[in-house]
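Produce the entire structure from the sequences given, and follow the hints as far as they go.
Each chain, letter by letter, is given below.
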Amino acid sequence: MQHSNGTKSPTIDVQRTKILLLGQRRSGKTSIQQVLFNDVSPKQTFYLEPTTRIVKDTYDTVIPLEIWDCPGNVTLDTLGASLSDFSSIIFVIDIQDSYQQPVARMLDFFIAAYQESPDICLEVLVHKAEAFTDDYKIENFRHIQQRVIDELLDISQDYEQMPLNFHLTSVYDHSIHEAFSRVLHKLIDSLPYLEDLLNVFCANSQSSKAFLFDVKSRLYVATDASPVDTGTHNLCCDYVKTLNAFGPLYKSSSSSAARLLRDSRSSSPSSGPSFYPSAAVTLAPSTQGTTLTYHSITPQLALLALMHTAVFEEQRGLLEYNVVFFREGVQEISQVEKDARMGSLVV
Amino acid sequence: MKKKVLLMGASGSGKTSMRSLIFSNNPASLTSRLGATIDVEQNHVRFLGDLILNLWDCGGQDSFMDSYLSTQRSTIFQHVGVMIYVFEVESRDMPKDLTYYRDCLDALRKYSSDASVFLLVHKMDLVKGDKGTQLERKRRDLQAESGDVEVTVFGTSIYDESLYKAWSRIVHTIIPNAAVLTKHLTTFAEACSATEVILFERTTFLVIATSSPPAPPASSQRALANGAATPGSSSTVVTAPTSPVEDVHKLNATRYERTSELIKALKHSCSRVREEFYALEMELPEFTAVLDEMTKNTYVLIVVHDPTIETAALKINIRTARQKFEELQNDSISA
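As they're listed, the protein sequences go chains A and B. Counting from 0, one number per residue, gives the positions in the first sequence under numbering that gives the first Met the number 0. Counting from 0, one number per residue, gives the positions in the second sequence under numbering that gives the first Met the number 0.
None of these hints come from the bench; they were simulated from the model. Incorrect hints may appear among the rest.
[To be verified] In the DSS-like style, the derived pairs of lysine-lysine whose C-alpha atoms are separated by at most 30 Å in a straight line are:
id : chain 1 : residue 1 : chain 2 : residue 2
1  : A       : K250      : B       : K95
2  : A       : K42       : B       : K266
3  : B       : K295      : A       : K240
4  : A       : K17       : A       : K250
5  : B       : K137      : B       : K3
6  : B       : K266      : A       : K136
7  : A       : K42       : B       : K130
8  : A       : K240      : B       : K127
9  : B       : K109      : A       : K250
10 : B       : K95       : B       : K127
11 : A       : K185      : A       : K337
12 : A       : K240      : B       : K249
13 : B       : K3        : B       : K109
14 : A       : K250      : B       : K3
15 : A       : K250      : A       : K42
16 : A       : K240      : B       : K266
17 : B       : K130      : B       : K295
18 : A       : K250      : B       : K182
19 : B       : K314      : A       : K250
20 : B       : K130      : A       : K240
21 : A       : K250      : A       : K240
22 : B       : K137      : A       : K42
23 : A       : K240      : B       : K1
24 : A       : K240      : A       : K136
25 : A       : K42       : A       : K55
26 : A       : K42       : B       : K127
The structure is reproduced here in structure tokens:
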């Protein structure tokens, strides 16, 4: 399946960050990929056909990604690429599966990758967590985690330093979004700069929390320094989803296109669109509550910020002023990233 | 003012599930936890302040049905405003369902002859293949089964917006003077330069009334095109009947019920972090919209396509219109 995600330029000539998606058959690799990047509803993943050959999916967010979705029986030899080509290897384990086989296979891959490039990100998704109750799934998660580490050390003590990351995920809630966001963060070279921008934005706009979301996949590519509260993250995710769904609902066949036209007329063609969608949801009580703002930053990204409703209403001008500068910053970073990736191919 | 609403249908057809979805804000995924309804569960749902829906969720097991039709006959079927009869689309025993349905209909005609009847062909999500033709067949069967009683048939599922569509239509018939609300909403829409204004009930987010489309810019030959654009499905449109007007926007036909569904979902997300949804404003590429409190128990959604209209202006308009709508609503309910 192909993704264009708004970019019209041929996607071939960009150097993409590659992610390898591995796991036993029926562990949920394709489901994860489809739910995150193809807008498939979790229920529909039930009907997905087994993947029989390696499928390379591209997705453009703050960095261009290429996700290799592999069939369950892929081996180092049939992969057709060196493990050092990948920036991140994700291994999906079904929480209900017997662990012995998948763990052994996973470690084979991880050790090979680690030896080729010690900086590679190794991620373990303990998946289909929805099958168990809260207590039981955490117990299982810990158990798998311990088992993997034990087996790894059995093979050799040298692998103690291997940077393994474990995530407990399910496509039926937000855990897959949160986990994949964290996977993504490690691949974004410009992350510290984005985070700095968010920190400055939060401080100057009296926002308690801000996320930079990829709108289509609802992954957050960066956030400010304050800790991420799962509840807030989930709400932001749902909010972006709601806005995505609202757009086409009241789309006017005669007037909607003209809205964008007006704005592009006022600006020079080179500077791109000057109309940036925005939204705000106010939570009760109406004056002392919280407001969750949404500002489009680039066609792919949007800034979500949490602040007191009173601040939002009284200092809206300041907020929007800050957003303009934040937007410029992010756009510049994206441009540098883009140039670097185009450039590196020429060299 | 009280309105008695009978919710009937075979056991396990989904009566309590839909009640919990519409009136208790529970997500569809949790309906599997609901137990069987024993006898009749009565609920008083405050709808639009003074209008109270007296919801009779009637357990559908045979022994209960038999008793509704014999010993409890007069209690159950007296003073009914609306009867909603739920059929499973893939029922195990349709002939039996229909026998009970006919008996209920007879009883209803005897005790509350002016009650309106709605038939919901439920669990449409289970239909494989073409849902449209299946529903059309059911609709014909059920209409034939109802004889000369006027019935309205909807295909519904708790997993999509169809349930909101059906219930919005149902409550629309209960609200007295809905046409007056429509008229005022239309005036309000003009004042806001809005394409459309929609009034929702606060807790259920069911559509109470919508503005009628703006007056035609006098081009009669193109007005014909509208005929094809308005019917979302074979049932009639929620808005009060208006003269055919050219629909230049051709908005999505399922927008009202989809909006109900989306806002309910967002409200649910808010409640999970112990917050309560209050208001929403959007300036999207496609349109500008404000969703805000109108009266104590209604919300209003203003949809504008004119890019020069600011959300702040819409909000001020809502604030100034509040008083008027509060009065209007009280009038229409006490009338």
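Do the hints match the structure? See the list:
For the hint linking K250 of chain A to K95 of chain B, the alpha-carbon distance of about 45 Å lies beyond 30 Å, and the restraint is violated. Between K42 of chain A and K266 of chain B the CA atoms are separated by roughly 22 Å; this keeps the pair inside 30 Å, and the hint holds. Straight-line distance between C-alpha atoms of K295 of chain B and K240 of chain A comes to about 28 Å, which keeps the hinted pair within the 30 Å bound. A threshold of 30 Å between alpha carbons decides the hint, and for K17 of chain A with K250 of chain A the separation of about 36 Å lies outside it, so the pair is violated.
About 27 Å separates the Cα atoms of K137 of chain B and K3 of chain B, which keeps this hinted pair within 30 Å; it holds. This hinted pair checks out: K266 of chain B and K136 of chain A have alpha carbons roughly 28 Å apart, not beyond 30 Å. Between K42 of chain A and K130 of chain B the alpha-carbon distance is near 19 Å, which keeps this suggested pair within the 30 Å criterion. A C-alpha spacing of about 27 Å is found between K240 of chain A and K127 of chain B, which places the hinted pair at or below 30 Å, so the restraint holds.
Note on K109 of chain B and K250 of chain A: the hinted pairing is violated, with a Cα-Cα distance of about 48 Å set against a maximum of 30 Å. Between K95 of chain B and K127 of chain B the alpha-carbon distance is near 23 Å, which keeps this suggested pair within the 30 Å criterion. Straight-line distance between C-alpha atoms of K185 of chain A and K337 of chain A comes to about 18 Å, which keeps the hinted pair within the 30 Å bound. Annotation: proposed proximity of K240 of chain A to K249 of chain B holds, straight-line Cα distance about 24 Å (limit 30 Å).
Between K3 of chain B and K109 of chain B the CA atoms are separated by roughly 16 Å; this keeps the pair inside 30 Å, and the hint holds. Distance restraint check for K250 of chain A and K3 of chain B: the Cα-Cα separation of roughly 38 Å exceeds the 30 Å cut-off, and the hinted pair is therefore not satisfied. Straight-line distance between C-alpha atoms of K250 of chain A and K42 of chain A comes to about 27 Å, which keeps the hinted pair within the 30 Å bound. Between K240 of chain A and K266 of chain B the alpha-carbon distance is near 13 Å, which keeps this suggested pair within the 30 Å criterion.
Between K130 of chain B and K295 of chain B the CA atoms are separated by roughly 39 Å; this puts the pair beyond 30 Å, and the hint is violated. The straight-line distance between the Cα atoms of K250 of chain A and K182 of chain B is roughly 24 Å, inside the 30 Å bound, and the hint therefore holds. This hinted pair checks out: K314 of chain B and K250 of chain A have alpha carbons roughly 21 Å apart, not beyond 30 Å. For the proposed pair K130 of chain B and K240 of chain A, the alpha carbon gap of about 27 Å is at most 30 Å, so the pair holds.
Restraint check for K250 of chain A and K240 of chain A: satisfied, since their Cα atoms lie roughly 17 Å apart, inside the 30 Å limit. The hinted pair formed by K137 of chain B and K42 of chain A meets the criterion: a straight-line CA distance of about 27 Å does not exceed 30 Å. Our distance criterion of 30 Å between C-alpha atoms is broken by K240 of chain A and K1 of chain B, whose separation comes to about 38 Å. At most 30 Å may separate the alpha-carbon atoms for a hinted pair to count; K240 of chain A and K136 of chain A meet this at roughly 27 Å.
Only pairs whose Cα atoms come within 30 Å are accepted, and K42 of chain A paired with K55 of chain A is accepted, the gap being roughly 23 Å. Distance check on the hinted pair: K42 of chain A and K127 of chain B sit about 15 Å apart at the alpha-carbon level, within 30 Å; holds.
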